[in-house]
Amino acid sequence: MISVDHLTKTYGQFRAVDDVSFACQPGTVTGFLGPNGAGKTTTMRVMVGLTPATSGRVTIGGLDYASIPNPGRHVGVLLDASAQHGGRTGREILALGALAMGLPSRRVEEMLALVGLTEDESKRRLRNYSLGMKQRLGIAHALLGDPSVLILDEPANGLDPAGIRWMRGLLKGYADRGGTVLLSSHLLNEVELIADEMILIGQGRIVAQGDKKSLLAGAQGAATSLVTSLDNAGLAAALQQRGHAVEAMGEGLRVNVATEEVGRAALAAGVVLTDLRSGGVGLEDLFLELTSATAREGVHQ
Amino acid sequence: MTTATPAPMLNVAATAPIPFWRLVLVEFRKSYNTRAGFWLLFTIGLLITLLQVVQLFAFLAQDYFTTFTDFTGNVWLVSLVLVPMLPILLVTTEWTQRTAVVTFAIEPRRVRVILAKLAVAVLLAIAVVVLMLVVAAACTLVADVLKPDLTEWSVDTTFVFAGAPLTILTTTVFGFAVACLLLNTPAAIVLFLITWYASIGIFAAIAALIPPFEDLLPWITLQINVLTLADGLPSAADDWAHLVVSLALWIGLPLALGMGRILRAEVK
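First to last, the sequence lines map onto chains D and E. Take the first sequence: its position 284, counted from the start at 1, is 284 in the working numbering, and no numbers get skipped. Take the second sequence: its position 180, counted from the start at 1, is 180 in the working numbering, and no numbers get skipped.
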């Protein structure tokens with residue numbers, strides 16, 4: 001439903017988005033993951049025509065965003081929950097949206113109820129909203145026109161754990177009814193549980209994409225073992241001789257190789273193992289590994 | 001197309017584009033649903049009424065002659081500067097409050113949104129003119145009843161139907177153009193006021209230093225040309241030329257630059 005085709009956006013020498021291509025299917029939630037400044041927001045802004053692309057193209061349901069009539073009825077957009085007039089009440093902001101889209105005013109009440117903003121909260125001015133309340137209002141605004149596509153930039157930002165769980169359920173249900181959801185996040189665990197498809201982006205480039213299973217399968221080369229022995233130093237030397245990266249971890253070692261190879265090395269070196277197990281690869285590790293080369297300082301180990 | 005699974009299409013056949021009148025309605029609502037907008041409208045209405053009522057009391061307390069045109073005259077000069085604040089606020093707050101992100105996502109054809117704002121500014125300016133005339137009529141009526149010997153209606157129809165609306169609409173569109181150019185509330189207000197009030201003095205000072213510059217003055221001084229509109233459209237070809245050139249310079253140019261920027265620029 002959303003199709004991004006060789007999208008590039010440059011600012012002078014800086015390539016904010018660099019030849020990005022992906023597609024989002026109806027009935028699925030696509031998670032758009034990457035560290036801050038990776039190009040997620042720029043990609044989403046190009047999608048809705050707020051930022052002109054340098055090259056490449058984005059279509060939604062086969063159309064440029066600008067050629068969708070009354071686009072709010074087809075595509076729900078939340079790019080920045082704070083980009084609203086601080087002096088308007090939450091209710092007034094929704095009323096303006098409903099008026100523009102040609103929706104009955106009861107739609108405003110329905111959306112307020114859906115996102116859990118109370119009567120009292122809806123009459124407060126936006127500048128008095130917490131970030132979580134702004135996000136809820138933003139989601140209400142995106143859903144106002146009953147769209148079939150949702151584009152949400154960091155929607156969980158500022159939500160409390162209960163709010164994040166609520167949003168997960170909301171988006172899952174929305175996708176199950178056939179909607180297309182693209183949501184970005186820099187926090188993997190926000191997305192991991194609901195995303196059918198994940199796109200990992202770092203420094204403007206897609207570094208991996210696929211569902212959770214295939215992403216993990218693709219990372220098998222990075223298998224790790226956790227091993228503890230009676231002679232850790234001797235084992236580490238033996239493993240390093242065989243060309244494996246070894247680091248101390250807790251009481252034992254962490255080795256970037258499958259358990260079998262560790263067993264063989266221990267046998268050859270005559271070291272007694274007391275514990276050997278697969279370190280596995282969490283999505284978190286994969287995410288950090290894939291984006292660490294491109295992430296900002298502070299993420300580097 | 002050789003793709004195995006065709007990309008799902010959005011069915012937009014049943015969706016009508018947002019009609020222009022609805023965009024106007026939205027922009028009208030935006031003009032009064034913030035504190036700044038509401039109080040600006042309220043202040044304009046209050047000042048227009050109050051100025052004339054004060055003038056009425058001054059007339060009643062003293063003995064001099066008054067006409068309908070006396071009432072409209074003073075308040076008209078104030079309106080020339082107050083009414084343009086409406087489009088300045090309406091345009092610039094989209095950027096200072098960053099609501100343009102939402103506005104242009106709802107209607108990506110940005111030119112329609114900007115034209116809707118212009119339409120609202122024009123409608124509000126006309127409403128101000130009507131209010132001004134209605135209050136003037138009411139004040140003249142009271143004056144006529146209480147002091148019939150000293151009151152005369154002598155309605156200047158050229159001013160009422162052409163001069164007042166034309167001049168106020170022109171400064172309103174000028175304010176709109178400056179707002180589109182700068183997209184920043186205080187900067188737009190300052191540039192508006194400088195152009196309107198200070199440019200005459202500045203140009204005169206330059207002309208004193210460089211005498212040939214004096215010949216340029218009628219072509220580039222906005223206020224002089226707008227104020228001559230109070231007597232209706234110019235009749236002499238020279239006056240027309242001055243008017244057109246000064247409007248092109250002060251309204252056409254900033255509007256063209258501003259629109260180019262609004263339509264193409266990235267909305268942050």
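Treat the hints as calculated values from the structure; they're not laboratory data. Quick reminder that beta carbons are idealized off the backbone N, C-alpha and C, glycines included. Take the hints with a grain of salt, since some may be wrong.
Over 10 angstroms on every C-beta distance to chain E, these chain D residues come out as not near it, computed from the model [unchecked claim]: (1) R45; (2) R57; (3) G86; (4) G116; (5) L143; (6) L230; (7) D231; (8) A237; (9) A266; (10) L273.
Have a look at the derived ranges for each label pair, beta carbon to beta carbon [said to hold, decoys possible]: (11) D:N128 - E:E266: 28 to 36 angstroms; (12) D:S82 - E:L216: 46 to 54 angstroms; (13) E:W240 - D:N36: 53 to 61 angstroms; (14) E:W240 - D:S21: 54 to 62 angstroms; (15) E:A248 - D:N36: 17 to 25 angstroms; (16) E:I224 - D:S82: 40 to 48 angstroms; (17) D:S82 - E:P186: 17 to 25 angstroms.
Check: Which of the numbered hints above does this structure break?
Finding: As far as the earlier hints go, 1, 3, 15 are violated by this structure, in ascending order.
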